[in-house]
Amino acid sequence: MSPPSLRFRDKAKRSPIPPRSQRRPWWDRSRFRVILVWLILVLGAGGLLANLYRLQILNGTKLSDLARAQQTTMIRPYIPRRPIVDQQGNVLATDQLVYELYVHPVLFNQPESLVAQTLSPILGDTTPQELLKRFASQKSGIRLRTNLREDQADAIRVLQSPSEDPQDEGKNRPGLNGLELNQRYQRYYPQGDAVAEVLGYVNGDHVGQAGLEYSQQKLLERSGITLQVERTGKGDLLPVQISSDALNSEDLSLQLTLNLALQREAHRILRETVEKFKAKRGAVIVMDVRDGAIIALASEPTYNPNAYALAPMSLFKNWTVTDVYEPGSTFKPVNVALALDAGKIKPDTQVYDPGEVKADRWTIYNHDYRTQGGHGLIDVAKILQVSSNVGMVKLMRNFTGKEFYQALLNLGLEEKLGIELPGEVVGHLKPKAVFTRSSIEPATTAFGQGFSLTPMKLVQLHAALANGGKLVTPHLIEGLVDTQDYFHWRPVLKTRQVLKPETSKTVMQLMETVVDKGSGKVSRIPGYRIAGKTGTAQKASAYGGYDATAKITSFIASFPVDDPRYVVLALVDEPKGANTFGSTVAAPVVRSVLESLILLEKVPPSQPLR
Amino acid sequence: MDPVSLSSRTGRSNPAPSRAPGKVLAFPARGSQQKSRPRRWGILRSQASTQHRKPVWLTALIFLQHVSSVATFGMVTASLVVYIWTVYTQQLWNREHRKLVTLQRNERQLIGVNESLKEQLAQQADAADNGLVAPMLESSLFMKPAPGPYLQPVPKEPTANQVELKAPVGY
Chain A
36 MSPPSLRFRD KAKRSPIPPR SQRRPWWDRS RFRVILVWLI LVLGAGGLLA
86 NLYRLQILNG TKLSDLARAQ QTTMIRPYIP RRPIVDQQGN VLATDQLVYE
136 LYVHPVLFNQ PESLVAQTLS PILGDTTPQE LLKRFASQKS GIRLRTNLRE
186 DQADAIRVLQ SPSEDPQDEG KNRPGLNGLE LNQRYQRYYP QGDAVAEVLG
236 YVNGDHVGQA GLEYSQQKLL ERSGITLQVE RTGKGDLLPV QISSDALNSE
286 DLSLQLTLNL ALQREAHRIL RETVEKFKAK RGAVIVMDVR DGAIIALASE
336 PTYNPNAYAL APMSLFKNWT VTDVYEPGST FKPVNVALAL DAGKIKPDTQ
386 VYDPGEVKAD RWTIYNHDYR TQGGHGLIDV AKILQVSSNV GMVKLMRNFT
436 GKEFYQALLN LGLEEKLGIE LPGEVVGHLK PKAVFTRSSI EPATTAFGQG
486 FSLTPMKLVQ LHAALANGGK LVTPHLIEGL VDTQDYFHWR PVLKTRQVLK
536 PETSKTVMQL METVVDKGSG KVSRIPGYRI AGKTGTAQKA SAYGGYDATA
586 KITSFIASFP VDDPRYVVLA LVDEPKGANT FGSTVAAPVV RSVLESLILL
636 EKVPPSQPLR
Chain B
4 MDPVSLSSRT GRSNPAPSRA PGKVLAFPAR GSQQKSRPRR WGILRSQAST
54 QHRKPVWLTA LIFLQHVSSV ATFGMVTASL VVYIWTVYTQ QLWNREHRKL
104 VTLQRNERQL IGVNESLKEQ LAQQADAADN GLVAPMLESS LFMKPAPGPY
154 LQPVPKEPTA NQVELKAPVG Y
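As you go down the protein sequences, you meet chains A and B in turn. FYI, in the numbering used here the residues of the first sequence are 36 to 645. FYI, in the numbering used here the residues of the second sequence are 4 to 174.
Treat the hints with care, as some may be off.
On the chain A side, residues computed to face chain B include the following (Cβ under 8 Å) [what the hints assert, rightly or not]: (1) Leu132; (2) Val133; (3) Glu185; (4) Pro225; (5) Arg303; (6) Pro639.
Think about it this way: if two alpha-carbon atoms lie no more than 27 Å apart in a straight line, the pair counts; the simulated BS3-like pairs of lysine-lysine are [what the hints assert, rightly or not]: (7) Lys393/A x Lys574/A; (8) Lys147/B x Lys637/A; (9) Lys540/A x Lys429/A; (10) Lys57/B x Lys637/A; (11) Lys467/A x Lys535/A; (12) Lys467/A x Lys429/A; (13) Lys269/A x Lys121/B; (14) Lys269/A x Lys97/A; (15) Lys147/B x Lys540/A; (16) Lys574/A x Lys352/A; (17) Lys465/A x Lys352/A; (18) Lys611/A x Lys352/A.
Negatives, chain A to chain B, calculated, CB over 12 Å [to be verified]: (19) Ser56; (20) Phe143; (21) Gly176; (22) Ser284; (23) Lys352; (24) Leu444; (25) Gly562; (26) Lys611.
Read the hints as simulated data drawn from the structure, not as lab findings. Remember, it's a predicted structure, so these values are computed and weren't measured experimentally. Just so it is clear, CB atoms sit at the ideal spot from N, CA and C, and this is done for glycine as well.
Assemble the whole structure, with the sequences as input and the hints as a guide.
As structure tokens, this is what we get:
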């Protein structure tokens with residue numbers, strides 16, 4: 036004990052130190068107790084400082100990495116490819132979420148048999164024994180499934196997280212390691228094969244490979260993003276770094292001009308006909324003549340885009356725009372319109388049809404020359420009704436070769452339509468020098484052979500005959516629409532006047548006689564004024580000249596004549612059997628399609644039924 | 004006995020000598036407490052009057068201390084409020100996000116089921132043996148619409164875009 040003189044001097048005066056025998060023991064003195072408490076506190080603080088040093092400096096980087104790993108997570112907001120809908124809003128193509136399941140047996144923390152037992156009912160189609168066999172094949176990275184539904188993925192996530200199983204008498208089941216789920220988008224086409232020729236399909240990487248999915252990739256695709264965000268302890272996200280438009284929700288879909296019900300009907304009718312005549316292929320096109328909107332576009336054979344891998348690659352193109360053909364008699368009304376428009380003929384112009392005519396060194400016959408011989412003196416309407424080749428040749432002889440060629444070019448026969456389907460090709464005319472040199476070329480062109488165009492081009496030309504002479508752009512896309520039916524984008528379409536409106540009216544009336552009295556009688560519908568033309572064209576053979584047996588039958592109709600709204604084309608390529616003509620094969624198809632069209636679009640009759 | 008400063012005395016007492024420097028000490032004689040009280044108080048009062056003028060810097064400091072206490076209290080309250088608000092908005096965001104995810108999932112399932120049903124119905128309708136007959140033109144009626152004023156449909160407006168938050172929400 037230090038001498039009192041060093042400390043409280045006054046205390047020494049007031050309270051002298053008692054003798055040693057009267058002092059308290061050293062461990063009971065108040066000063067010692069103070070020092071003891073101080074020592075304990077200092078040691079405690081020192082321990083804390085040491086721990087702080089250990090945590091912050093020695094283990095600092097390791098612990099902060101651990102924290103970051105726990106706190107940050109990646110989220111992939113749901114940004115699907117835009118859905119495709121039809122005119123009524125029926126969904127034609129949409130994205131679904133599917134999951135890939137990877138299994139890593141080396142990471143299992145439960146016995147493999149138990150894992151197989153719990154997985155088997157979730158997967159639904161694999162026994163536990165088969166699963167055990169798969170587990171034995173590799174140590175890790177076994178891809179068990181690629182197409183798990185969302186509810187199956189949920190069940191697996193439940194397995195992965197630890198839980199308290201109330202049935203296990205309060206025992207905790209630890210989370211199952213070794214299962215890995217990868218989310219991906221899968222395109223689903225709910226309408227099966229009804230719209231495949233228009234939609235196309237997407238491949239495994241979600242990139243369009245055919246049809247509109249391919250050509251409209253930019254409109255449909257939305258860039259997916261992965262955001263790195265921080266998490267709280269409870270698992271909630273800290274939305275600090277998530278910008279306001281990162282989640283990118285929107286409700287736009289690509290609306291087509293198609294009518295799904297009519298499309299299905301057209302497919303059904305076409306499929307029946309193609310099967311009945313064992314034809315190579317067929318097509319039905321229904322277009323609105325006023326603006327070029329395609330209401331139905333069916334082609335057979337077709338495929339199911341949900342299972343595109345099973346289909347031959349030749350089906351992935353839409354042959355109504357990728358293949359050309361010689362139109363034959365369905366082109367005759369177009370020629371008549373050109374002649375009327377140029378003032379070269381009048382509706383009552385008559386020509387003498389002996390059944391055959393000479394052009395250059397060839398002879399051209401009517402298709403019914405052997406049975407009918409000639410038709411005598413006939414007017415333009417009769418030429419169309421009996422589909423007289425000779426009559427057409429003589430009518431078009433009012434043009435010079437150059438004038439005729441120019442008129443054909445003016446129709447855009449060698450120009451692209453601008454339709455949204457991929458792979459569009461242009462028609463072929465003979466070069467101008469060849470066309471004008473001899474009289475055979477204008478002669479064959481007069482009845483629709485010797486040049487080629489796509490079926491869609493023919494539809495566009497007939498629409499011009501029906502709508503007052505305007506070439507409209509055939510199109511499938513209405514625009515990008517949201518759920519309130521507001522269009523955020525619409526395509527800009529060009530139209531071009533190529534004929535006079537009076538010409539169009541006259542030609543419609545002439546074509547109406549074909550349906551009333553001529554080869555198109557099959558497609559008559561009581562109460563409706565329909566204008567049409569049959570076509571039975573020989574196909575060019577690969578070895579030059581024409582194939583005697585292969586023909587392409589077609590029928591094209593516009594209606595109603597008093598106020599034209601729709602044009603319907605039916606093509607059946609290489610029907611087999613006797614008596615296969617446009618009137619017997621294609622015209623019935625058009626009639627059935629017209630009936631469905633009238634019912635679906637509620638077209639009122641032109642005249643009261645008799 | 005402890006030294007005691009004169010200014011904290013309340014009245015009676017112990018006339019002990021003060022140790023604080025600079026203070027004038029008053030030592031009334033012992034035994035004369037009763038009589039000398041008024042005198043002591045008088046001396047006290049005169050001492051107080053000489054000490055009444057505090058230095059300006061001290062007054063200013065004390066004033067500053069009061070102001071800063073009030074400000075600190077205000078700021079602590081404000082920061083608590085802001086903290087509570089940020090936590091609340093985060094909770095709100097997470098709740099809405101969960102709702103969004105659930106809704107998107109419901110939409111996917113609904114569309115999938117709905118459209119598959121349509122396809123199935125179409126397939127069934129095509130099957131020959133179900134007693135369904137395609138609608139036929141011969142059995143349809145067309146009637147002229149009744150004359151009179153028609154109600155015009157209200158023109159549609161675009162869906163509102165998501166509310167644009169210009170600044171991120173959070174700390």
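Each hint, compared with the structure:
no.	hint	in the structure
1	Leu132	7 Å, holds
2	Val133	11 Å, violated
3	Glu185	6 Å, holds
4	Pro225	3 Å, holds
5	Arg303	6 Å, holds
6	Pro639	5 Å, holds
7	Lys393/A x Lys574/A	22 Å, holds
8	Lys147/B x Lys637/A	12 Å, holds
9	Lys540/A x Lys429/A	23 Å, holds
10	Lys57/B x Lys637/A	102 Å, violated
11	Lys467/A x Lys535/A	25 Å, holds
12	Lys467/A x Lys429/A	21 Å, holds
13	Lys269/A x Lys121/B	43 Å, violated
14	Lys269/A x Lys97/A	23 Å, holds
15	Lys147/B x Lys540/A	26 Å, holds
16	Lys574/A x Lys352/A	21 Å, holds
17	Lys465/A x Lys352/A	26 Å, holds
18	Lys611/A x Lys352/A	24 Å, holds
19	Ser56	28 Å, holds
20	Phe143	30 Å, holds
21	Gly176	29 Å, holds
22	Ser284	7 Å, violated
23	Lys352	24 Å, holds
24	Leu444	41 Å, holds
25	Gly562	8 Å, violated
26	Lys611	25 Å, holds
Hints 2, 10, 13, 22, 25 from the earlier list are contradicted by this structure; the remaining hints agree with it.
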